[in-house]
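Here is what each chain is made of, one letter per residue.
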Amino acid sequence: MPDKSTFSVIPLIVILLPWISLLAILAFPKKAERLRLWLCALGSLASFGLLFSLLPGILDGKTYTIKLASVVESLEMRLTVDTLGFYFALILAFLWMLATIYSISYIDHKHNRFFAFMAMCESFILGCAFSANMFTYFIFYEMMTFGSYPLIIHEETTIARRAGYKYLVYAVAAGTVLFFAIVAHYFWGNGELGFGSYGVLSLEFASRAALTTIFFTYLAGFGVKAAIMPLHGWVPDAHPAAPSPASALLSGVILKAGAFGIIRVCFNVFGTDLLRELGVYVVMAVLACITIVVASVFALTQDNLKRRLAYSSIGQVSYIILGLAMLAHDGALGGVMHLTHHALMKGCLFLCAGVILVKTGKKNISEMAGVGYQLPITMICFSVCALAMMGTPPSVGFITKWLLGSGALQASLPVYIIILLVSALLNAAYFLPIIYIAFFRWEGDEVEGHGETHRPKLVFGKEADHKLVVPIVILALLVVVVGIWSNVTGFPYSLVSRVVNVIFP
Amino acid sequence: MSAARDIVAGALCCIGTFFFLVGTTGLLRMPDVFTRLHPSTKCDTLGACSVIVGMAVYSGWSWELCKLVVIACFLLLSSATCGHAIGRSALRRNIPYWRRQGKETGDGNGA
Amino acid sequence: MGAWRHFPIFMITLPLLGAVLMPFLGYLRERWVPYAALLPLAASTLLGFLLVGRIPAGDHLSYHLGGWEPPFGIEIRVDHVGLFLMLVVCAITLLALVYSRRYIEKEVSPGRRTAYYVLYLLMSGAMLGFTATGDIFNLFVFMEILALSSYALVAITGNRNAVRAAFKYVLMGAPSSIMVLLAVGFLYSVTGTLNMADLASRIAESGYTEVLVVSYILFVIGFGVKAALFPLHMWLPDAHSIAPSPISALLSGLLVEVCAFALVRITFSVFTRSATDLVGGTADAVGVAAAAAVLYGGIMAITQKDLKVMIAYSTVSHIGYIFLGITAFTAEGLTGAMYHMLDHGLAKACLFLCAGNFIYLKGYRRIEELRGAWRQMPWTCFAFALASISVIGIPPTAGFISKWYLILGNIRAGKWLYTIVLLSGSILAAVYCLRIIYYMFFQAGKEEAWEDASRDVPPGMLVPVWALSLGTLFFGVFSYLLIPSLLKASAYLL
Amino acid sequence: MKRVLSLFFIAALGVLLLYVVASMPPMGDPQTPTATHVIPRYLERAEEETHTENVITGVILNYRGYDTMGEVTVIFCALAAVLAVLGRERRGRIRGFVDRSPVPSSTIVRTMVRFMVPFIILFSVYTILHGEISPGGGFQGGAIIGGSMIIFTTVFGLYESSRRIPQKVRAPLEGSAVIVFFLVGALGLVGGGNFLTYAWPHAARGLQPALVTWLTVLVEVGIGLGGAMVLISILFAMIREEEEIALTA
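So the sequences go chain by chain: A, B, C and D. Residue 418 in my numbering sits at position 418 of the first sequence, and the numbers go up by one each step. Whatever position you read off the second sequence (first residue = 1), add 1000 for my numbering. Whatever position you read off the third sequence (first residue = 1), add 2000 for my numbering. Whatever position you read off the fourth sequence (first residue = 1), add 3000 for my numbering.
Treat the hints with caution; some may be incorrect.
Claimed, not checked - The calculated lysine-lysine pairs, modelled on DSS-like cross-linking and capped at a C-alpha distance of 25 Å, are:
1) C:Lys2106 to C:Lys2305
2) A:Lys166 to C:Lys2305
3) A:Lys67 to C:Lys2488
As the list claims (entries may be wrong) - Take a look, some chain D residues computed to stay more than 12 Å from chain C by CB distance:
4) Val3021
5) Tyr3042
6) Glu3047
7) Met3116
8) Asn3194
9) Gly3206
10) Leu3218
Rather than coming from a laboratory, the hints here were simulated on the basis of the structure. For each residue, glycine too, the CB sits at the ideal point set by N, CA and C.
Generate coordinates for the entire structure from the input sequences, incorporating the hints supplied.
Printed below as a string of structure tokens:
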């Protein structure tokens, strides 16, 4: 990475800004509920704004760094905004901001707890994005894990509790494995936990077996969050149980924290050469392929909308893993860009699901006949994103698929293209019926031959609170806009290509 | 002179220890409190006094002699008082006398 | 050489002096005793902090009592590790004493309160003396004070269960003292000296291998009982759970660790590297026992229904951690063990004091009764949560740092199995701690169980609890204050 | 099962100890490490260094005075432990106490005890003060005083004896051993030495022997008084306990 590393407190401020909401909750009386909630959103907004102001510097090749604390010389807590971290932080702060605004109207009880933990989680996950080394990453990652638990069980129903319990079990186990991985990394990496452009581990200091162990423990540790197939168990339970903005963030950001960890491990800890040398990428690729296909098949069988979306997320996050495992320029590019792409699409889909739930009280797809007429804007946005998920141009989903396909050819493994095609088909198979039911079926349809079924009236503009609809629309628009002008400065391509071009010249 | 003194002193000490031995044997072999009181107090007093006298002979006219005399006095007083106190309290507590043929239940009052 | 050379001896003797003056004060003005008892401990703490930074790195302060040079007189030997532990002892005893006043008024009958403070001060002074001494017989003497006062403190409430628990403790503790005494005697008989440094040099050239090995085994068993190392831990769950909460905090947070530290001293300062071959087998056995302790303690803690018993079993598990750090025989492992002493001391003391808060306010001991405790006792519950996070070892608490070094040390030693044991230990800890946090915060209890909302315990009891739990956070974030010097000191010990 | 295990454990320990004793340096051999390392200096130079004729006193009060300080603390701790478990009698002397011992003592015994106790105490004073030059010392003397009070209490009852040595007297004196040690230790600092230095480096050379002697005597007296009071307080606490049991029964 470039040497232009400047000291700056901005990363720290960006991380601390969300905490405004905690102060707001403490400082303002209970009566000023609205004010408090808006202050919460403001914290998130300010955080995003400040982050965005770093863009020119980042594009200039600068990195901003600040040391928070250190245990010993080589073991420090340091925040560094490099291109990759900035890229992740940007999308997560953006999505978080929208979700917070959405929550103001969506969350109807225990606001304090929800917003406080939302803010804490954002702060922690921004910390993950800015981490300058694995040690810092782990610290923020663990805090984020436990901070997100109250979001999942927010509804406090039995289902939510059970989901939360499952989440904790997975998270604790994963945290432990990850912890081991990092200690082992520290030991065999000669005390070097930082991120290097071409990786920091090498066979000079450690045996093959040791490095392989480190890699697989990392993969297992992050894989739980990234929902790689045998470790995905908590995802389908947690997503439906959580309130919709929280599930949007779970799917859009928290799952990505795992994926981002894997990106860091592959690019900055091991380096592509070492991965090829060790041959571990094959396992990664196989797992990713299995996940992509199997998760999509599972998604087909789900009737609960959010559950179906959750399975879809499991499959989609593995696109990132697959992209990395190709060890090719375009593959990596597609994989890393999919981080943003998927966050936009899936965030929008979950928020739409939330609106449907709030406005009609319907959870299951089979009950959703005619929803498209009741909630036209929402369902149009939903459809746009669903189509994008299948990879329809011009959308972000198409770019991902295209790049991954191209990567597969670069890696001369066309079998991946087949996987991608199968996945696209399955995606279509589970998304199209939703659109179909929403728009082309209406209530009473199921009961054949019982007189005229009436088509509901199309109502625009009055479907829901603006705070619910606006974030959805913004996301849906971005899905298309980023898909068309993907190389505009500040959009994913401009950032990711800088990183990937260094690694695969 | 010196040899004679040593012999006398040694003899007295031997007598004293003999009484101690007898007293202790009695203490172990006697069947009840009252009979045990008999060997323990008497023989101990006698034995200790013999030993002290022996040592007094051995030391001759000296500062130690004074100490020995004082010790002997205290011994005589305390030993006798102890015997009295134990016997009396045993009596007051109605501790049964020992009888032959295992008839161990006395009238208890000693009277 | 300034006046600071004399600080350690005053740190030790002031609490003892305070203790012997207490009965008189208790006779004159019983109400003043709880406040007066704070003075000597505060003075010790102050002196301890004034000592920080004065001992040169990688060296130790050697103080010859009565001016007699070591093999002939007694030496007080404070190195960085020792000073560190002394400070931990001072701080935690002071905080638990602040906590004691209100709690003791409720649990201990009036005729015994003065005795409580007397014993408390004796115990604190003994722990300090125990940590600082450089003479193995002196070590035994202070262990006796420590043991005696802790037996009595367990029984101080005077109810049947307390006396039974104390008796169990005595039954195990007294033989263990004898074993330590025997071991000291054996060492003396083959070396002719009692001073640790002198012993270290004479053991190396002493020919009596069998005697040395056996005395080491006796030391291990003796201190193992006091430190509640796994198969010898039977007294701990009863004693720690039945004692008044501040005492549980002291027993669990400090006593076991100080005894573990004594074993560190015996292993590294007396038997040293050259003799490690002699005791290697025993050390391996200790490692196995410690690994078993981690798992056994964790599993038993999960199955408990009583909060204090659960915390006590968690201590059994964490003693295993400390011993695994010691038996790694690496600087990192030892650093981890030492840091875990700090972290465990703070966190466990905090947990016990929180449990005390529940008992004080509500009389609740069972875990199930804590459902929804958050509504009435938010401060206590938050402190509890923070401390349990440290017990699990989640960043950014001190528990994370100590676990880091424990595992690093075991990896460096190539002890893979122990690494896995340590990791599973923290999973077990997560299970038993998170369960309680879940009950407290995310489950609604019966309405009438926590009726008078927002009435927490008085500030005199909250402040120590919060100081301890924030301490775990502080030493997690600012670990650089201690870790480098601990690493150096550990390397020096090895 | 438990019994078998503990039996096994004890047997193993016994075998271990026997084994060690067999391989220990022979008893009484002048060439053992014990006889050649520290001991010779004590034997040869204790008198000139500690100015006490009795080497044992020199070692326990001077060379290893700190250990002794710990030991007197142990004794005090024993008292505190007893008081913690049994509780202390109420402030002042015990009121309304009647001699409930099953055997009222006879005149002979009373007279004898009244006659003997002063002598016993006299003897204990002798033991304490002579500890410096002959066998004896504070511990022994204190035990003798305690013993005399035990005799007195058994004969005259708790009321009489607690009237003679009330809590007012005992409470400050119970810890006198530790206090005196601390005092001497701190004075050593004032005199320019370390804690527990008897021969103050700042003092004139000729003054040192007297200083050491008097400080040693002071310590002995402190230990004696402290030990005696501890014993007496323990005795009172235990008798009181018995009384309570008798009253409730």
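List of violated hint numbers, smallest to largest | 4, 5 and 8
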